[in-house]
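Residue numbers (my numbering), protein chains in the order written: chain A, 1 to 202; chain B, 203 to 588.
Treat each hint with caution, since some may be false.
Distance condition first, Cα-Cα at most 25 Å in a straight line; then the derived DMTMM-like pairs of lysine to aspartate or glutamate [stated by the list, open to error]:
(1) B:K558 to A:E134
(2) A:K157 to B:E341
(3) A:K171 to A:E134
(4) A:K37 to B:D340
(5) A:K40 to B:E529
(6) B:K430 to A:E105
(7) A:K40 to B:D340
(8) A:K129 to B:D228
(9) B:K416 to A:E174
(10) B:K430 to A:E168
(11) A:K171 to A:E70
(12) A:K37 to A:D172
(13) A:K40 to B:D366
Stretches of chain A that chain B covers, calculated by requiring three or more beta carbons in the stretch to come under 8 Å of a beta carbon on chain B [to be verified]:
(14) 21-30
(15) 88-102
(16) 151-165
Keep in mind that the hints were calculated from the coordinates and are not lab data. The beta-carbon is built from N, C-alpha and C at its ideal position, and this holds for glycine as well.
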Amino acid sequence: MKNSVIISGAVEGVLDEGVLRRLIRDLGAEVRAVYGKNGKPFLLNKLDAYNHAAHYSPWIVIIDLDHDAECAPPFVRSRLPDPAPNMNFRVAVREIEAWLLADRERFARFLSVSLSRVPRNPEALDSPKGTIVELARHSRRREIREGMVPRPGSGLKIGPSYTSLLLEFVKDTERGWRPTIAAQSSDSLNRCIRRLAEVVNA
Amino acid sequence: MAKVKSKMLRFTHVKLENWRNFAQVDVDLQRRIFLIGPNASGKSNFLDVFRFLQDIVSVGGGFPEAVRRRGGVSALRCLAARRHSDVMIHVFIGNDENPRRWQYELRFNQDNLRRPIVKREWVAKDGSVILDRPDHNDEADPKRLTQTYLEQVYANQRFREVADFFLSIRYLHIVPQLVRDPDRSVGRKQDPYGGDFLEQMAGTQERTRKSRFKRIVPALRVAVPQLKELELWRDERGTPHLRGKYEHWRPQGAWQTEDQFSDGTLRLLGLLWSALDGTGPLLLEEPELSLHPEVVRLIPQMFARIQQHSGRQILISTHSSDLLRDEGIGLDEALLLQPGPEGTSVSPANSFTEIKALLESGLSLAEAAMPMTRPRDAEQLVLFSG
Numbered sequence: 001m002k003n004s005v006i007i008s009g010a011v012e013g014v015l016d017e018g019v020l021r022r023l024i025r026d027l028g029a030e031v032r033a034v035y036g037k038n039g040k041p042f043l044l045n046k047l048d049a050y051n052h053a054a055h056y057s058p059w060i061v062i063i064d065l066d067h068d069a070e071c072a073p074p075f076v077r078s079r080l081p082d083p084a085p086n087m088n089f090r091v092a093v094r095e096i097e098a099w100l101l102a103d104r105e106r107f108a109r110f111l112s113v114s115l116s117r118v119p120r121n122p123e124a125l126d127s128p129k130g131t132i133v134e135l136a137r138h139s140r141r142r143e144i145r146e147g148m149v150p151r152p153g154s155g156l157k158i159g160p161s162y163t164s165l166l167l168e169f170v171k172d173t174e175r176g177w178r179p180t181i182a183a184q185s186s187d188s189l190n191r192c193i194r195r196l197a198e199v200v201n202a
Numbered sequence: 203m204a205k206v207k208s209k210m211l212r213f214t215h216v217k218l219e220n221w222r223n224f225a226q227v228d229v230d231l232q233r234r235i236f237l238i239g240p241n242a243s244g245k246s247n248f249l250d251v252f253r254f255l256q257d258i259v260s261v262g263g264g265f266p267e268a269v270r271r272r273g274g275v276s277a278l279r280c281l282a283a284r285r286h287s288d289v290m291i292h293v294f295i296g297n298d299e300n301p302r303r304w305q306y307e308l309r310f311n312q313d314n315l316r317r318p319i320v321k322r323e324w325v326a327k328d329g330s331v332i333l334d335r336p337d338h339n340d341e342a343d344p345k346r347l348t349q350t351y352l353e354q355v356y357a358n359q360r361f362r363e364v365a366d367f368f369l370s371i372r373y374l375h376i377v378p379q380l381v382r383d384p385d386r387s388v389g390r391k392q393d394p395y396g397g398d399f400l401e402q403m404a405g406t407q408e409r410t411r412k413s414r415f416k417r418i419v420p421a422l423r424v425a426v427p428q429l430k431e432l433e434l435w436r437d438e439r440g441t442p443h444l445r446g447k448y449e450h451w452r453p454q455g456a457w458q459t460e461d462q463f464s465d466g467t468l469r470l471l472g473l474l475w476s477a478l479d480g481t482g483p484l485l486l487e488e489p490e491l492s493l494h495p496e497v498v499r500l501i502p503q504m505f506a507r508i509q510q511h512s513g514r515q516i517l518i519s520t521h522s523s524d525l526l527r528d529e530g531i532g533l534d535e536a537l538l539l540q541p542g543p544e545g546t547s548v549s550p551a552n553s554f555t556e557i558k559a560l561l562e563s564g565l566s567l568a569e570a571a572m573p574m575t576r577p578r579d580a581e582q583l584v585l586f587s588g
């Protein structure tokens, strides 16, 4: 049996970690460890260190574009002008949530909302997180409404179990997220999977 | 289920006067509460308010006993209080629809013989007073004031729901050593430190226990990936033991008993069991102990999910930045304890404009709130040389 490729990663948070692990596993590779998970500024701060480590083994960093730039390429150039040969620096447009929304059919079913409510072009969304919370408001499932929509008075933009519910969707290979289907509607996800596949099959 | 959950009673507000290190407290309580503060700021003393109410109504408890267990009125009274001030607890109980369904107030002090004496016991339902002591009976027979009506089945009939609610409170602070070596806490019933944890498990109906284990094992696997199943058995002396089956190179796998379980495994197991055990408020002390930070991070999400099913209130004390890094913790769910010369103050994180501003700019609650609860002279520790 061929030894599988082992990849290290760094991401912004717990949900991003779930997405990364799923993508790597689906390609038949293994995850060594996932770093960061302490927000975007922290991740950007440590980028040089991750890049240094990527001289020795394959690395992937996934970061949200948010509104830092109009599109991904100039953002990548400004943040990591000199990437190591094994560094795969990926940008999610505009947030990693867009990658989940991109599997419209499954996402609508998971949230228990009608398919027509889920937008067709997730990369054009101003705030995918906000879109998901709005969708969740219309969910037929109480668990989704109470878990994902922020409680009045909480001062938050998301509900108490927003992260774990989305993680459940990401991890469910049977009825949940299908990265390859989602990649058809999200160019940044498509590029991410293609590049990862190149690393794995190299 | 939806109906049950929204109607589940919880503490919605608490007021305290001169209770341990709190001179004055007046704060809302959400369904999930995180208490954060420096060491010795009173996190446990805050939780103890609810344990005290439970002690009053529990079998073998009662008001005099609940005070005695805490070393008497003078030990309970806040050091910042004037010498003879009353100690006062006032709780609001309700649900989301009606947060002020019940109010219960107990004000007490001690007599010349240092016996605890009720100064006022007051109950209101939906705003109308249904009990206000001392009344003329108490004036005729002052001895009656050594007991609360709350603890007496004959006297609490009109607010039995309150007594039952207090009785449903659970407190847990598992000490793994006590679970492994129950002889150290012989005969303690409902021991919050886990001395009779296995007995409690054994006392649960077999069907219920099995179904709980079934739900617990997948969650426990987060910390102990090789765990396959859990079961309870009794040795020849009748002492209950827990054992776990681990995936192993042998086809049958390997069994381990609780004395071989790690601290983290036992604590996480205790946490998961207590979350499923009961429906009343659950008080937890530092659930992060002995657990890997990456596991700790997920604890708030786990509680949020549990609450969606059971609706029960959970009050948690913590020192863990990892735990507070969770993005789903509301600003009204985090209570900051800040010690001062006039006792410790308790305020929700959303009453600090700084914390709100920092959170809006993308900081986590851990980053925004923890520095405000740092021990005053923490750096003194580096000067320690023995």
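message = Need the status of pair B:K558, A:E134: alpha-carbon distance at most 25 Å?
response = 23 Å, holds
query = Hey, B:K430 versus A:E168, does the alpha-carbon distance stay inside 25 Å?
reply = OK: B:K430 and A:E168 at ~21 Å, within 25 Å.
key: Given hint B:E529 paired with A:K40 - CA-CA distance at most 25 Å   = 13 Å, holds
query = Is it true that the CA of A:K40 sits at most 25 Å from the CA of B:D366?
reply = Since the Cα atoms of A:K40 and B:D366 sit roughly 48 Å apart, the hinted pair is violated (cutoff 25 Å).
query = Straight-line Cα separation of A:K129 and B:D228 no greater than 25 Å?
reply = Given that 25 Å is the threshold and the Cα spacing comes to 35 Å, the pair is violated.
message = Against the 25 Å threshold, does the CA-CA distance of A:K40 and B:D340 hold or violate the hint?
response = 64 Å, violated
inquiry  = Check whether the Cα positions of A:K171 and A:E70 lie no farther apart than 25 Å.
reply    = 31 Å, violated
ask   = Is the hinted pair A:K171 and A:E134 satisfied, with a Cα-Cα distance of at most 25 Å?
value = With Cα atoms ~22 Å apart, A:K171 and A:E134 stay inside 25 Å; holds.
query = Does the stretch 151-165 of chain A contain three or more residues whose Cβ lies closer than 8 Å to a Cβ of chain B?
reply = holds (count 12)
ask   = Are A:K37 and B:D340 close enough, with their CA atoms no more than 25 Å apart?
value = 61 Å, violated
ask   = Are B:K416 and A:E174 close enough, with their CA atoms no more than 25 Å apart?
value = 22 Å, holds
request  = Please work out if A:K37 and A:D172 have their alpha carbons no farther apart than 25 Å.
outcome  = Given that 25 Å is the threshold and the Cα spacing comes to 21 Å, the pair holds.
Violation of the numbered hints given earlier is confined to hints 2, 4, 6, 7, 8, 11, 13, 14 and 15; the remaining hints are satisfied by the structure.
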